[in-house]
Each structure stands twice: as structure tokens, then as C-alpha cells.
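A.B. asks: Starting from the known structure of chain A, fit chain B onto it as the hints suggest.
2 protein chains.
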Amino acid sequence: MTLFVASTTAPVNIATLKYWGKRDKTLNLPTNSSISVTLSQEDLRTLTSVCTGPEITEDKLWLNGSEESLKSERTQNCLADLRKLRMKLEDEDSNLPKMSKWNVVIVSENNFPTAAGLASSAAGFAALVMAIAKLYELPDSLSEISKIARKGSGSACRSLLGGYVAWEMGEKADGSDSKAVQIAPMEHWPNMKAAILVVSASKKDTPSTSGMQLTVGTSDLFQHRIKDVVPHRFVEMKQAVLEKDWPTFAELTMKDSNSFHATCLDSFPPIFYMNDVSKGIIKLCHFINAFYNETIVAYTFDAGPNAVLYYLEENESKLFAFIYELFAEVPGWDSKFSKDELTQFLSDFDSKISNQLKVELDKELYKGVTKVILTHIGPGPQSTDECLIDTKTGLPK
Amino acid sequence: MTLFVASTTAPVNIATLKYWGKRDKTLNLPTNSSISVTLSQEDLRTLTSVCTGPEITEDKLWLNGSEESLKSERTQNCLADLRKLRMKLEDEDSNLPKMSKWNVVIVSENNFPTAAGLASSAAGFAALVMAIAKLYELPDSLSEISKIARKGSGSACRSLLGGYVAWEMGEKADGSDSKAVQIAPMEHWPNMKAAILVVSASKKDTPSTSGMQLTVGTSDLFQHRIKDVVPHRFVEMKQAVLEKDWPTFAELTMKDSNSFHATCLDSFPPIFYMNDVSKGIIKLCHFINAFYNETIVAYTFDAGPNAVLYYLEENESKLFAFIYELFAEVPGWDSKFSKDELTQFLSDFDSKISNQLKVELDKELYKGVTKVILTHIGPGPQSTDECLIDTKTGLPK
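One line per chain: the protein sequences are A and B, in this order. Residues in the first sequence are numbered consecutively from 1, following our numbering. Residues in the second sequence are numbered consecutively from 1001, following our numbering.
Pulled out of the complex, with its shape left as it was, chain A reads as follows:
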């Protein structure tokens, strides 16, 4: 069996300036530009292997061990775009194998639970598109490839790049200028870290596509957000990244998360993604920043109750004096810290924080949190030799 194989990992990204609202649902064109931080693939990544060959009889997809449909319009759009670019190469060089005519097998695995609401579709589509681009040996830039990933899942375009990433909304109706660009590589401001508090959701949230459509169609405040609020914030946040201005970056991040959730609440019927635990974490973050009289932590919430806390490495012990004290019972700490380091956080808390202030903290908050994921800024998709496909059969290993 003649088979061509390629494998890639792709990262999760968590927006600090939120994407909410589509001006074109098929092309996934947004109503505003957005900004995100790409997270390390050591902690959160999708690994995708793809193969193609004349004997592959149909397009197939396996996701975390189960076969899934490839029929969705979004996936079909991605595959069609990739094949078109490959065909261009084949037209220019008749020696190239005619991969654009062959079916593909895609096998994909996350190293984190898909159900946890951790932007898995962004990493998933980024990995799928990058793996096929690699298989096809496409010479196009990452920004160019990001437009294809965008058609799979809007925020996936930002996972094509590492570090600090902007998704420029563009203006054109065909989406040809709606793409991800790097604001700065991770090396520019490498000490950006993230602690994700995975919050238990009792019920399924409104899916983000239908949620966006509802907000665009019914929220009176939404038009103001996209026209007057976000454009300024986009400029300010890019500038804050370039200048490594943490207090500004942090404040804009928190404000934009709140603004996005405010337009969800202003939708009709209203959409609620944050719950009382999420709100308790927001209050805790403001409490911590007020306690130190310094911006230590910035929260942001996507379309679900999980909190992503951004902070700078040099403030880690100040932050975790509180966070470890309150969430010590939640799993996830020992993957990054030794027992001695964790004990130090506890004694920092005991020695530095007055008993009077301790009373104001919500000691029950940890009951609504199932896991802490400790990670940091990371690079874009990576080629890998790890392969999920059996090159003899073209099926998952």
C-alpha cells in the first residue's frame, strides 16, 4: 500500500480579547478582531496524524479513538481548500503525487479531556489543517493556512501561531483578509503563565455558534461592543503586549471577558456561561489584586464556567499563596510543584494574610472546581515523529 503520512501537534489558545459574533456563518467571519495567548503543548495539545494514498477508499476521521463523521460543512470546506492549494502545486509540477485526488485518513488525539470545555475545537482544527498542509507540502504562510483553519472553527486560526496572536477580522466578503497574525513570539514576553480552574458545569451550555447568533440578533448592547469598545481595546491590547505592560494587559483582559459575558446576558433569552463558582473566582482575583495593591492576576472566561487565570511567573508565589490555599484539594498541583513548594505556598498564606482578611475568602469555592491545569505561553503547531496511523493499513494504530 502506497501511503504518505504526516503528523503535527497544535496548541490551545485562550482569547484575552474575545471573539463573539459572526458576520458570515459559513466562512466563520467575525464581527470583531480578537487577541489570544497560545498555550504550551506540554499541557494541552491535539496530536493529529494524516495519511493519503491512491488506495484509501474514503475520507475518514478518528477522534480520541472513535470514528467520527467528516461530513460537516466546516470540515468539508477545510479539506476542499487544502486540496485546491495542493492541486495548484501538482499543476505546476507534474512529478508530484496526485494527492489532491486521493482520500485522507485523519487520526486525532487530545492530551486533555475534550468535554472540559477547553477550546478543543480550536486545537483540533488547527492540527487537522496543519497536518494536511504538511502532508501536501504546501508552501503557504501560516497566516494563509490560518484562513483555512478559521473555516473549521473561528478561533482555530489563532492556534496556527505561537505566542501572542491577533485574529484580524478583515473586511472582505470572501474572508481573504480574515486571518491570524503574530503580535509577538513567546520569546518576546516569555514569563506569561496560566492556571486553568476547571469548573464543574451542571448542564450543557448554549453551543457557541448558536449563542453568537442569538447575541448578534437580539442584544442591544452588542453593536456598541463591536463598534465602539473592541476596536479601541484591540489597539490598546496589542500595544500592551508589545510594551510588556502587564497591568494594562491584565485589566483589558478582565474587562473584555466581562464585556463579552455582559452581551450574552443582554441576549434574549439571556445566555449564562459563568456560574456562581465562576463569579466567586472573579471576586477572589479582585481580592488578590487589591490585597497586594498590584495587578497579580487576570481572569478570563470563554463560553463556559472555566476560569483561565493569566499571571507573570515572577508573581507566582504571591498568587498561589491564595490559590493553593483555597484549591489545594483539587487535583493538578503535583504535576508542576514539589511537596516543599506547595507547603511554602501554604505557609506564605498563613504568615502574610491577616486573619481578618481570611474571613472574607470563600472557603467552599474548591467544591465547584474539578481540576487545576498549570501551563504557560507556548509556540505554534509542531511537526512530530509520533504517528497515530499504522502505515501498513492506513488505519489508527
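In case anyone wonders, no lab produced these hints; they're calculated from the structure. Remember, it's a predicted structure, so these values are computed and weren't measured experimentally. C-beta: ideal position from N, C-alpha, C; glycine also. Any given hint might turn out to be false.
Not the full set, but computed from the structure, chain A residues with beta-carbon under 8 Å of chain B [said to hold, decoys possible]:
# : residue
1 : Q76
2 : K255
3 : S259
C.D. replies: Showing chain B alone in chain A's frame:
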């Protein structure tokens, strides 16, 4: 002892178009006009008795049995305004007793728990101002008197009138055109009823005055709300009242509650008045309206987690088939319904609602609700012979 005594009751009002934001903190001038429904004093009222006389040695206030300070700037402003109007009368007619020079004793009692977050300050200031206006035999119109109550507590001005009430924000810097006017008396649309679900709040909310200031100062979406959203809604909601257009009135009421809470969430730090129980009640209301494919109920939330559900009397059995089923264990039902009527609600629920739909309801919601208060639209302040002051001593009975 020469004593002059007067007693008045005043109602609670619950806004359907929310007052949030002051353009002048001392005069309580709002950043937008608002609309409310005045609720029946059978269920929720403040009773205030006042007395004055040359032998009363100082201004004094008793509230629900405890002596309270009268020193607050707001109360002092109310008293000064009332004395100024009285002095005008005395200047015109030298036979009148010189009440404007004498101290006053004020004794006030609510027939509902003050702590429940049920707009008690609105009823309280309305009763205080009306009782003194009666004592002073002021000839001024209720709208004129409402400007004095407004200085005590903004929304108190709306409690000076019965039925459907607008608080016109006015334009003048001295507040002389910021007053309550009646859109329509209760007799115009008498079948408006309200069920208040008192939700347990675990912690004290942000006081509304400081909350408003925070929103005005920090929310980017707020300016859009007051400039572009509320002015249209104000016209539309007045029209809906005049036309007794329930579906429009209900939708605007729900949207405006959500819009107000959205600007709270967009404040920095964000303010949260609704909790997960409040949100559960919102979802339930949308579920009920969707179930009947008809607008049965409209929710609204003030600066706290309590839900006020407005509905028309003719839809009561449709609404309570759900609400009694889910909140039967909460006290408050037997004050308005016989055992047979309540049993009928339960059997309506069992017979009409399919088992499949029942599964979607949150059966635990009642655990977050401490009380249901069933009431309806009502008139403005009422004179009463009931007196809380011992006319021999000038002290509370």
C-alpha cells in the same frame, strides 16, 4: 402637650424599566427615565406616623421599633424641603401653627422584612414625605411631592403614585423637572399581578448607590444603554401600558432587567446581583413562555437576587401550574389560595405537562427560595387612622 399628628401608608414599586445611574448624587438625579408598577399595600407597605409640636425637643426617627439616626444628608434634604413648603404657607397665612419651626417625630413600620431586599427604602421615603406633607397640609401635587421623596431615595419618587408610573429624568441641573408622573391608574389595566420569589442571598450585595457609581464610571456599555437603548424602550413601554399590550410590556420588562444586569457585569470590578437561583428562575420563565407558545410571565430583578414575576390574572393558573409545582414547599401560598386551588395547580401540572418536558425542569430550585409573596398592582399612598405615635407623649406607642 400640643401635638399635631398624621399617618400614611406608602407602597413598594418594582421597576419594569430600570433606574441605574445617577447624574447628580446629592439630588438623586438619574441618567435615564424609568417605569414601574406600584404594588398593593395589602401585601407590602410602609406605615409612617409623624407628629410635631412646640414641645418636641429634637427630630427623631423610629424604624421597625428601633431608634435610628436622622442625620443622613438625604433625610435632612427631605425635611428641609418639606419645611420650606410649609413655611411658604405660614408666610401666606399667619394663623397657621408654626410647624416649620418645630421638630418632628417619625415612627415607621414595614409589614414585610426590611432585609429581604424588597425596595423598602422606596416605600419608606415615600411614606415619610407623604406623612409630613399631610401633617403640614401641603397643597402641592403628588408629582411635586415626588421630587422631595426622590432626594431621599431615587426610586421613592415612583411610590408617590399608584398604578403605572414613570419617573421622568428631566434635564435641569436643580432637578426641578425630575419627577414621577402617572402613566395610567391601576384601574386602566387592573389585572396586573406579581409573584415575588425571595431568593436567599449568601452575602451582602454591593449597595445600589455605590454600584451605580461604579457602573457609570467604568462600564463601556453603560453609555450606550442610557443614550440609545433606554430612551426608545421608555417610549415603547409607556405605549404598551396605554394599549395594554402585554406581550410587548413583558418582553421589554425582561430585556431591560437583563440589560441593567449586563451593565453591572460590565462594571470594573464587575457587580453581580443575580445568582444561580436567579438564573434558574429566568430559564424557568422562558421555558414556561415557550411551553405555552405565549407570553405568560415576565421576570425582573433589582439590585439583588429576588425575582419579581409579573403576569396577568387570566394567566394565573397557567403560570402556577409550573410555579406551584416547583415552589410548593416555600411558604407564602396559603395567604392567597385555598387548599383546593393549590391542589388544582398540581393536577394541572401533572395532566398538561408531558413527562419529557418535566425532565428539563430544575427540581432543586426551591431550595434557594425562602418565601413567595403574591400581590398585584395597587394605588399610591393612603391616609390612615392607624397611628404609631402615642399622642400624649409624642413617642412610639
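A.B. asks: Grab the minimum C-beta distance from Q76/A to chain B and call the hint holds if it beats 8 Å, violated otherwise.
C.D. replies: With a closest approach of 33 Å, the Q76/A hint is violated.
A.B. asks: Using 8 Å as the Cβ threshold, decide whether K255/A counts as touching chain B.
C.D. replies: At 6 Å from the nearest chain B Cβ, K255/A passes the 8 Å test, so the hint holds.
A.B. asks: When the nearest CB of chain B is found for S259/A, is that gap smaller than 8 Å?
C.D. replies: 5 Å, holds
The earlier numbered hint that this structure contradicts is number 1, and it is the only one.
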